[in-house]
Amino acid sequence: DAMVIQNPRYQVTQFGKPVTLSCSQTLNHNVMYWYQQKSSQAPKLLFHYYDKDFNNEADTPDNFQSRRPNTSFCFLDIRSPGLGDAAMYLCATSSRNSQYFGPGTRLLVL
Amino acid sequence: KQEVTQIPAALSVPEGENLVLNCSFTDSAIYNLQWFRQDPGKGLTSLLLIQSSQREQTSGRLNASLDKSSGRSTLYIAASQPGDSATYLCAPPSQTGGFKTIFGAGTRLFVKA
Chain U
727 DAMVIQNPRY QVTQFGKPVT LSCSQTLNHN VMYWYQQKSS QAPKLLFHYY DKDFNNEADT
787 PDNFQSRRPN TSFCFLDIRS PGLGDAAMYL CATSSRNSQY FGPGTRLLVL
Chain H
139 KQEVTQIPAA LSVPEGENLV LNCSFTDSAI YNLQWFRQDP GKGLTSLLLI QSSQREQTSG
199 RLNASLDKSS GRSTLYIAAS QPGDSATYLC APPSQTGGFK TIFGAGTRLF VKA
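So the protein lines, in turn, are chains U and H. Counted the way our numbering counts, the first sequence spans residues 727 to 836. Counted the way our numbering counts, the second sequence spans residues 139 to 251.
Among the hints, erroneous ones may be present.
[Stated by the list, open to error] Straight-line C-alpha distance at most 25 Å; calculated DSS-like pairs for lysine-lysine:
1) U:Lys770 to H:Lys250
2) U:Lys770 to H:Lys180
3) H:Lys250 to H:Lys180
4) U:Lys764 to H:Lys206
5) H:Lys139 to U:Lys770
6) H:Lys250 to H:Lys206
What the hints contain is simulated information worked out from the structure, not anything from laboratory work.
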């Protein structure tokens, strides 16, 4: 089945230790997104790609970076995670009309 | 800048009741609006997508309506079941012609058996 896959589902890292979250899609969609969602809050857009065009939200911390090496894969790099970065990270794709989400990666920072 | 408000923030109903979830947005120049469901600790599942040319969209017991002129959308759930317990999020585009969406904080629904 075509889908959005996120790995790992749970990630534990130490304060300040770089971490990379992965997302892949079999939908062949041009647009991919990374969202951060904290408990009981709306998903907050960090960045999105249209093909290889990268679009950073103005309030996304510099600590967060992203790579999209090809249509299928997109990575979220957190260079120096702080306790405040503990959250669910959601990857999504879009066909312009509709968004499709992966199951998310829960990040815990110790 | 698009802002989205969902009312109520939380709702608890007995099984079998019909209910309405409300969503309002400030920028009515949208081309579609999507409703999602999120179970605790999980990703978002798309429920319904309404195009700007449509007034309603139905899927099973769910019916979503869109009134662009007033900046409102509603999600109607008929004959609610305990399995409907989840958070429901409304998501219009953040800007005309763009690829970004803005999410409301959601309505947390609990259906009691």
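Quiz prompt | Violations among the numbered hints | solution = Violated hints: 1, 4, 6; rest satisfied.
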